[in-house]
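> Take a look at the letters that make up each chain.
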Amino acid sequence: MWKPSETSAPHPFQVMVYKEMSDHVRSWRFKILLLLILLTCMSAIYISVTNFSAAIKAEDPDGSFFFLKLFTISDKTLPPFHIFIGLLGPLLGISLGFDAVNSEQNAGTMSRIMAQPIHRDYIINSKFVAALGLISVLFFALGFLVMGLGLIFIGIPPTPGEFIRVIFFILLNILYVAFWLNLSILFSVRFRQAATSALASIAVWLFFVIFYPIIINLVAKGLIPAGEASPLQMVHYQELILNLQRIAPSQLFSDATVTLLMPSVRSLGILTMEQVYGAIPAPLPVTQSLLLIWPQLTGLVAATVLCFALSYFSFMRKEIRSR
Amino acid sequence: MFPLLLAGLLQTGFHSTTSAQNVTLYTPYTRIAVPPGQSIDYSIDVINNGKVVKNADIAVAGLPKNWTYEIKSGGWNVSRLSVLPGEKKNFSLQVQVPLKINKGTYAFQVLAKGLTQLPIAVIVSEQGTFKTEFSTGQANMEGAANSTFTYNATLRNRTADAQVYALRSFAPPGWNVTFKANYKQVSSVNVEANRTQDITIEVNPPDQLKAGKYKIPVQAATEATSANLELEAGITGSYAMELTTPQGLLSTDITAGDDKKIDLVLRNTGSAELRNIDLQSAAPANWSVTFEPKKIEKLPAGQTAQVTAVIKADKKAIAGDYVTNLEAKTPEVSSRAAFRVSVETSMIWGWMGILIILAALGGVYRLFRKYGRR
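Protein sequence lines correspond, in order, to chains F and G. Residue 593 is where the first sequence starts when you use my numbering, and the numbers rise one by one after that. Residue 489 is where the second sequence starts when you use my numbering, and the numbers rise one by one after that.
For the record, the hints were derived by calculation from the structure and aren't laboratory data. Hints may contain errors.
Reference listing, derived: stretches of chain F covered by chain G, where coverage requires no fewer than 3 residues with Cβ under 8 Å from a Cβ of chain G [claimed, not checked]:
1) 853-863
2) 890-898
3) 901-909
Note that beta-carbon positions come from the ideal geometry of N, C-alpha and C, so glycine has one too.
Go ahead and model the full structure; you've got the sequences and the hints to work with.
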């Protein structure tokens with residue numbers, strides 16, 4: 593699609609990505625969000641470090657994974673790191689994407705860019721790549737910040753397995769935020785007003801975080817099998833409810849984070865006694881944890897790609913006139 | 489001195505039977521054989537054949553040194569009995585044969601002074617000792633090295649006093665010898681004079697003992713006396729085996745729903761041949777374990793046998809570790825290998841996920857091609 597140019601001048605796409613990034617970084621919106629995320633993460637680390645000794649128990653199969661505990665310990669007053677990210681990540685993605693196209697259109701800059709001798713899809717691609725790049729840098733910085741502070745406070749280096757798990761956890765965060773970014777870009781293409789697209793994105797987010805579980809509860813009550821249900825029926829019922837919950841991206845994200853950060857999680861579904869008999873409570877290797885959450889990852893990737901494809905499609909079909 | 493005395497006694501005895509008297513002393517057991525230390529009870533009748541009441545002064549003469557006696561009748565110690573004419577009166581004579589006495593024949597007479605005498609001979613059947621005897625009917629036993637040998641022994645106190653015997657064994661290192669009296673484990677026993685005490689000696693040889701004959705000396709000793717007994721244990725060999733893998737690695741991984749072949753080694757680590765070795769397993773639910781061969785007829789000492797186990801995991805097994813016990817069993821001994829089986833989920837769904845992602849990306853690429861460059 594875009595090749596590096598043979599001449600010494602930078603490729604136009606590269607220029608556009610850099611410009612988008614600098615716009616983001618200089619904007620107050622990004623700085624406020626960055627501050628918010630940094631503050632919450634610092635408080636999460638503080639909580640996990642102060643409760644570290646109490647959280648390590650001898651009979652806990654995750655007990656030997658000191659480093660992963662940094663991301664999961666809390667003292668019930670404040671949520672741990674991964675819950676914070678699950679809450680604030682969508683906000684970050686939405687804030688970076690909700691006015692990507694429509695604000696430029698309203699300001700009249702879009703038609704000026706279109707006047708340049710570049711491909712039209714460079715505009716939407718560069719917006720996506722720039723935001724994704726920023727998110728990646730931010731999350732890797734946050735992840736390594738937590739690891740570095742953890743090293744200072746607890747003094748135990750991570751094992752290779754733990755390190756790989758943390759890296760995958762960061763990648764998962766980026767993927768999750770990328771989904772919300774693409775969704776808000778899609779809305780910014782669809783809606784002419786930036787406020788409308790922001791509201792639409794936040795509405796979707798609120799729906800999945802707050803209202804969807806309530807709806808699932810209602811549906812579950814309606815579908816519950818009559819009193820003398822066979823165990824098989826109960827299993828099917830529970831599986832149906834679980835699968836309904838997994839329509840929400842936030843559920844996919846929390847399933848995946850829990851499995852990555854708690855190696856003792858061996859299954860995300862319902863377990864029968866036959867499956868549990870003879871099992872030793874022992875942590876899973878990284879590859880097995882990844883295989884376990886592979887459906888969740890696939891779902892998230894597919895949803896992200898779908899949102900991008902839709903926004904790309906509607907942007908390319910959009911009529912852009914100069915004012 | 490004894491033969492001379494004997495001849496004299498026999499003569500007088502002959503004389504007494506021939507001289508017809510009105511009073512006769514009678515007992516049926518005039519010549520008996522007893523072991524040393526025995527107490528002999530004679531029941532003697534005084535028969536009055538005369539027409540008048542006879543007073544018989546009862547006495548014992550010619551009793552060897554150290555022998556003691558007691559004469560009783562009607563619950564009394566008596567020295568004179570009065571018998572009505574034509575009647576008889578009974579008294580008992582208790583003679584205590586000493587413990588320390590030579591083997592031989594001893595004689596003495598019971599006298600009714602001035603009336604008659606009764607010669608009695610006592611044959612002491614064995615050399616008397618003033619010591620302790622520690623003996624067993626079966627001092628030799630045979631068995632496997634990991635079995636317990638139980639000997640039944642008798643401790644006989646042939647001294648004049650009660651003794652407290654300390655029981656000790658002089659077994660080689662690694663052997664465990666316990667003494668039991670009256671079903672209780674003891675280190676010493678109290679035995680009254682001239683009494684016996686049954687003692688059970690349990691001998692537990694070390695498990696890895698080579699076949700052969702071993703002697704275990706045991707001793708019952710006091711300050712004054714002691715007795716030794718030498719027990720013998722014939723060891724035929726020990727039963728022991730080990731079920732493991734050639735490398736000793738007891739873990740494996742397996743894909744859910746798949747099977748895995750595990751090479752096992754069965755080693756006879758004992759010193760006896762093992763027969764009819766059964767191979768068994770305890771696996772999680774819906775798993776199956778098959779052995780090839782299922783049974784081993786015999787395995788000589790020190791030899792190893794190759795066994796292949798095929799573990800088939802349940803299709804629904806969750807990822808992670810399960811424990812599967814493989815066991816080799818004979819009537820004598822068993823060996824268990826606890827395998828840690830790491831279940832891995834099948835990669836098919838992983839590839840399916842990648843395919844779905846590729847399809848989505850392919851769709852985007854088609855979009856690029858269709859709309860991107862106009």
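> Confirm or reject each hint.
Hints versus structure:
1. Check on the stretch 853-863 of chain F: 3 of its residues sit with their Cβ under 8 Å from a Cβ of chain G, so the three-residue criterion for coverage holds.
2. Only when three residues or more bring their CB closer than 8 Å to a CB of chain G does the claim for the stretch 890-898 of chain F stand; here the count is 5, and the claim holds.
3. Taking a C-beta to C-beta cut-off of 8 Å, the stretch 901-909 of chain F contributes 5 residues in contact with chain G, enough for the three needed, and the coverage statement holds.
Hint compliance for this structure: every hint is met.
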